[in-house]
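Let chain A serve as the given structure and place chain B on it in line with the hints.
Take a look at the letters that make up each chain.
Number of protein chains: 2
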Amino acid sequence: MQKRILVLGGDGFCGWPTTLHLSAQGHELHIVDNFVRRRQDEELRVQSLTPIRSLSERIEAWRELSGQKIGLSTLDIARDYAELKTLIGEWRPDAIVHFAEQRSAPYSMKSSWHKRFTVDNNLNATHNVLCAIVENGLEEHTHLVHLGTMGVYGYKTSSFKLPEGYQRVRLLSPENNEESEDTEILYPPDPGSVYHMTKTQDQLFFYYYNKNDGLRITDLHQGIVWGTETAETLRDERLINRFDYDGDFGTVLNRFILQAAVGHPLTVHGTGGQTRAFIHIRDTVQCIRLAIDHPPAAGERVRVFNQTTETHRVRDLAHLIHELTGAELQFVDNPRNEHVENELQVENQGLQHLGLQPITLSAGLLAEVSEVAGKYQHRCLREKIPARSLWRARP
Amino acid sequence: MQKRILVLGGDGFCGWPTTLHLSAQGHELHIVDNFVRRRQDEELRVQSLTPIRSLSERIEAWRELSGQKIGLSTLDIARDYAELKTLIGEWRPDAIVHFAEQRSAPYSMKSSWHKRFTVDNNLNATHNVLCAIVENGLEEHTHLVHLGTMGVYGYKTSSFKLPEGYQRVRLLSPENNEESEDTEILYPPDPGSVYHMTKTQDQLFFYYYNKNDGLRITDLHQGIVWGTETAETLRDERLINRFDYDGDFGTVLNRFILQAAVGHPLTVHGTGGQTRAFIHIRDTVQCIRLAIDHPPAAGERVRVFNQTTETHRVRDLAHLIHELTGAELQFVDNPRNEHVENELQVENQGLQHLGLQPITLSAGLLAEVSEVAGKYQHRCLREKIPARSLWRARP
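Chains A and B, in that order, give the protein sequences. Here our numbering is used: the first residue of the first sequence is 2, the next is one more, and so on. Here our numbering is used: the first residue of the second sequence is 2, the next is one more, and so on.
Chain A extracted, bound-state conformation:
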């Protein structure tokens, strides 16, 4: 069934390939973006390794190739509430995919300004979307799909798998250990940066608007994305996706691959003992399609999936890239304030039950990413590689 889908942040690293994938499925797509991500490139004096085109050129290229139109509204959804409300009210989307948040942990910690920008932008953006759905009376019509993060759970080693959002607990009374009945709660949040904190606060927005207004919401707690191209972005170079390698927006595995391609040592923070959850960008777009195809029922609580396919220890990934490319490892002081080593087990069957066939780490896929990195290595600014954003100004 064809759906009308609004993609907030549709010009970004996940938003653009998701828009193309959903358009390729025959849905009607409309992008909302304020191009803040491109302005952040200017601020940080760095560019995507890949030569991404303007959004209007991207959209025109896709129309040429596929015959599908993609709409566009240039709005700041954290500020331009009246315009957002009107757009949602007139367009009446079946689904809204919400990528329009500042998504980098290091960027969120660069300075007081960056902390405040991240909080102000992410919280007002999410809340404005919720208000606009309710004010338009679309509580039962419009399904909101939000990109969360695995980081809401934190990285304390747990003795069993992290659940998909909800945790069964037994409340213990302080005085006498008399036990109450069991209950199910949102997994106790433990954010590791201001960015992650905003995503734990988003969960409370969703909890409340689902409870009070009956909004239908899916929250996808995504792992660290790697890869760059999808089936749709590969169809024309004008459709090429972002590849971030800088210390703020680059994600760890893509950074290792780029570092290997340009002859830079693989920068491992601390001991590299951090275990994290990962997903390939091709699976990201599949997961979002599956979430849209399976909205929660009316009256259902917020649906939460862990959008991740595998976990790896950071130094194991570095060793793997070393074996494939010969690149040396460089252990550097960890700019973050986080557990030095952790284990991580994640429940992730929800999306697979809906049909996801996970793409896991393979030499073939790594080679494909390496090829992209190699092809555009002349665009790399080596001085932008180190991660310089400190979690604490004072030790």
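Which copy is meant is left open, because identical chains are indistinguishable; a pair holds if it fits in one copy or across any two.
DSBU-like mimics (lysine-lysine), calculated; alpha carbons at most 30 Å apart, straight line: (1) Lys212 to Lys162; (2) Lys4 to Lys212; (3) Lys4 to Lys86; (4) Lys86 to Lys111; (5) Lys157 to Lys111.
Derived from the structure by calculation, the hints contain no laboratory data.
For chain B alone, coordinates are given in the frame of chain A:
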């Protein structure tokens, strides 16, 4: 020991008597306020039942009576970050008492604009204060005392007492009920309005800034405040405190007392089966003094107290006022979306261990409030009494 204390929102219902009480103790006080509460009176076309004076007249009257000066900065702390940072950096407060949030649940639900104002104001205000402390390097120096709400816990009937912030739980694995080790978490939040939601989100700000930056924070989950005068505000009529009776800002017990004084029926929402936690304004100011006198140690987690002295069922309060005054009860449709009836048991020994001697409901105190209500009843606008803010626009 004399301390320098910044009171954010020092012109408000709790802020003003707290400022006077702390000044009377010999501390050095400085108020920050943007007078939004007075502008809300204009917006709602209602005034405090009591004839409150301008803040400058209040401050001058206090100086005359006590010889104590109170400083004043007119700032919007959710917006004027640079000025807030400079003030905190130059004044180096030992404690900051943070009342500067939109504090009415009905006001937060009046419209989409009011929801968005509450979120934008409360979350940016709290976050700006945290950032300003960190950016000034005052993490170990300045103790932040925040007014939370009992509403963060929600009003599901629990089989034992609500703890003071932290709940011991046993995580249960989904597959086989194999139990993990016990742990202590922030009590699972369950907000009942957009206003309450922002206070649950504040808890995550505090959790994170305590964890990452070592901030010393006390969060006081206050019950519903009643009463109006304190020992200090009684010293001169120019020092008189606010008395809100309107459907948005008036609190339930003060509203009943006012209704009885003006011959209006006591408006009970739903069955009046809601059990809530209460505190007298004289205890509010004592509790804040005690919190300031006992800051958390360096490295201690966020300290949470339940700032409440007793619980009552709403219809029991209505019956009590009926018995004292003869006023009739009027059961009206509940504009809120909340549990019809609930039980409530609250742990509240923390502040009593620090020295609080609770003032609980008594005929004498009720008579004192009645006297205030009677004295100023000519200022009451009867049409402002009903609570008209609906939790859901559509049933």
